[in-house]
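Chains P and Z are the protein sequences, given in the same order.
Take -4 as the starting number for the first sequence in this note's numbering and just add one per residue.
Take -4 as the starting number for the second sequence in this note's numbering and just add one per residue.
It cannot be assumed that every hint is accurate.
Since the list gives no way to pick one copy over another, a pair counts as held whenever it fits inside one copy or between any two copies.
[Said to hold, decoys possible] Under the rule of at most 35 Å between Cα atoms (straight-line distance), these lysine-lysine pairs were calculated in the DSBU-like manner:
1. 52 with 91
2. 7 with 91
3. 186 with 431
4. 3 with 431
5. 139 with 10
Calculated from the structure, these hints are not laboratory results.
There are 2 protein chains.
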Amino acid sequence: MSPQEAYKELEKRLKEVFLIQSCQAVLGWEERTYMPRGGTELRSEQRGYLAGQSHEKFTDPRVGELLSTVEGSGLTKDPESVEAVNIRETRYRYDKDTKLPKELVEELTRTTSLAEAEWATARQKSDFKVFQPWLEKVVNLIRKKAEAYGYEGEPYNALLDDYEPGVTTDDIAEVFAKLRGELVSLVARIKDAPRKPDASIVERVYDIERQKLFNEMVAGAIGFDFNAGRLDVTTHPFTSCFGPGDTRITTRYNPRRLNDALFGTMHEVGHALYEMGLEKKEHFGMPMGESVSLGIHESQSRMWENQVGRSKEFWVYFLPQAKRIFRESLEGVTLDDFYGAINYVTPSYIRVEADEATYNLHILLRFELERALISGDLKPADMPGEWNSRFKKYFDIEVDNDANGCLQDVHWSIGYLGYFPTYTLGNLYSAQFFAKARKDIPDLMQQFELGNYGGLLDWLRKNIHRQGQRYRANKLCEKVTGQALSHKPLMEYMNKKYGEIYGI
Amino acid sequence: MSPQEAYKELEKRLKEVFLIQSCQAVLGWEERTYMPRGGTELRSEQRGYLAGQSHEKFTDPRVGELLSTVEGSGLTKDPESVEAVNIRETRYRYDKDTKLPKELVEELTRTTSLAEAEWATARQKSDFKVFQPWLEKVVNLIRKKAEAYGYEGEPYNALLDDYEPGVTTDDIAEVFAKLRGELVSLVARIKDAPRKPDASIVERVYDIERQKLFNEMVAGAIGFDFNAGRLDVTTHPFTSCFGPGDTRITTRYNPRRLNDALFGTMHEVGHALYEMGLEKKEHFGMPMGESVSLGIHESQSRMWENQVGRSKEFWVYFLPQAKRIFRESLEGVTLDDFYGAINYVTPSYIRVEADEATYNLHILLRFELERALISGDLKPADMPGEWNSRFKKYFDIEVDNDANGCLQDVHWSIGYLGYFPTYTLGNLYSAQFFAKARKDIPDLMQQFELGNYGGLLDWLRKNIHRQGQRYRANKLCEKVTGQALSHKPLMEYMNKKYGEIYGI
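Put together the whole structure using the sequences plus the hints.
The structure is reproduced here in structure tokens:
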């Protein structure tokens, strides 16, 4: 068999694996958006089955044979060619996935499908006890997963690598160490600032039907294609790309706060724009049609949410429109008032609703806790207490209930341990990418004022989206910005922004 | 291998097949309810793939071996035992399905998935030309399917058998022949009746949000469990049971007609109650947990729609509630007025909105046309002309556009040829079952007046639902009613009902 033939067969097999995973994605999306409670058990069986099937087909020894045939052939001569990238990343994934027994994959999918439903109930009742046995099951399975993968140093490394290939726990700890001091200092200066925005502007009555309309307008304006996607409502917002032509996002509405659904939607649109910008049709089911890492994914969502959505220029264009829709609540509100209100910094319970300055402290907390869960230093039963005491330390507020505490995020219920640090990586990448985009497009912020977001999107598509997995995250960052990842662009961006708003 | 072991393995394999089909069902439902247009192509690939997988696994020669091992063993000694029924019906399906090549199954699923989207567009534009090439593709594939199955007499027999096992085209033609004369006579007498109800009562303004609420109330009252199902909106109403605990129904709303969504909903609830009443959990993926035939399925939907929903007693309970919700439109309307209005008989374009008297003429028309499509006597290109001229003959009205004509039903786009006659079988079965239920429960109609529908539901569950596929349709009918299927109960029911309403 020639390498070319082997490559063709590999493509065919990966396409099949992708089709199964994309069915899984539809079932997962539907489970969270519309499924009645009674469907929980069947859905967990369905998803467990499909997960087992895609795992079995991907880890088939034949895939290994095909990889061996194409590796070192002419196809990999140019390491940045489509074929070479697809081969390299498939090998990476193959070597990891073949370490996982099919039974574990099925059990994890079935268990997390049920655990997510229990988490939703627990969160609604604000009762950790409901969720505790499920957290125990999930953590237990995830630890087994880490053991199956194998690792150097601590087991958390094995998990982190799923989301951010090649990055270690020590890397993350180092990033946090650098960021933490500067962040804490910024938050302290803001606390003692001479002037403060009036946050109550965005805490008036914002009719949900009108919010939906406004969110759709904003999502469409920044590039979300409603012919190739939907915006729905879920307990925990997320993005799911089923494949070419179909990307779903969700949000949740608070009738007394404009920020939550609005910036949540822009965040998910950022994820969706990345998925929509990948060449999924051309590279169906292949690494070149897939995102680089969760950190890079978050850089896209956080950029549209923050660098775009929380910029003053964005609201030059959109505030007049918002005023026509939320007439009474925004009457007489100036651009500066509004800009201040949406950038009001205050310690708060909920990560996804946090301001940019305190956001990374939320991640730091989760990183420490899940690292301890995985190492075994922290028992699931002790989570609420541990969460609350650390929260008090970092934010200086008492957690009033579990829904505002350790039950707020969906991640642990669905087995996403090792995922949280990628949010902070995303913030760092987003600031660094955005600084470069501003250099490359000198009038970028003026474009925002005119309601033109295509310039930024084109830049992202060319530099990031269409690259698929050609480069790993750190290398992509160097290629695009000319620099290794650093916490400086993010701190510069925040110091400047809050300096202006708070007069510090 | 002992028969018991073989049976266990058979169960395991059928469970897997069912899981794949149930994933398919979720994807199909989502395609019709929420999927954005851009997802069409991917969805057709996904569904084609899953259809191929379930076909391959079901027709695996190992299934044939297992069947041979269990057949004639002690397991089949009592032909009405769970095991014997599961073995008998699995064999029947296996012998049919093994005749179909996997490629045909995949192609049919992919093609109909795309064809349905094109049909929806064609119907919206009321332009048959948009749909014609797809109808040609589907008919071509369906004829291949009939050839692959093989048949005695005409190819239509092979298709009909998929929906109504054991019934032939001649059987259907005979039923129609008996029914037709009496129906035509009834419709003629109604046309010349001395008194006529005022249909305009149900053609006032009925706010859609209020209709939704009312439909949910009615659906819940007659037994639809919203914890184990949903009611959504689609172009063409349907029911889809994913498996135990999750049954979906849909309807469509007309802001100027109360009947359409209301009786459409009750119809689909009837299907759903059957699915919810089957012992799907106990007989997961096995024939004993599945419905007998489409005819029996329709008997359930038509019974709840007509014998219950269009009875006067039902509205003794529900009219006062409807009046509170549709205050202005129903002001001053008496029970008799309302009962007359919902039972107004008039030739009309749309089958699913037809009255009980003309309904079966719609089926007759479709039966003749699809039989001709399959035999090759009718070319898809000639469908609109042929539809319209026959429609004129049966209903004495000119079809004004394709959306009101041959594009109104989804069935042909999704390859359901041979399906339509089961609607009329359903009407016959429903009348015969209902007459027996009234005998067994003397105060049944008084129960309706009190808002109690549990008596009927219990009777259906015991006599029909929980029987699964223990008996074929005709035998079930004899077991339940003591009589073979006859057109007389339906005609007696209609003659009596319309005699009272129209004074004939």
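#### Entry: Ascending list of hint numbers which this structure does not respect
Violated hint (a single one): 4; every other hint is consistent with the structure.
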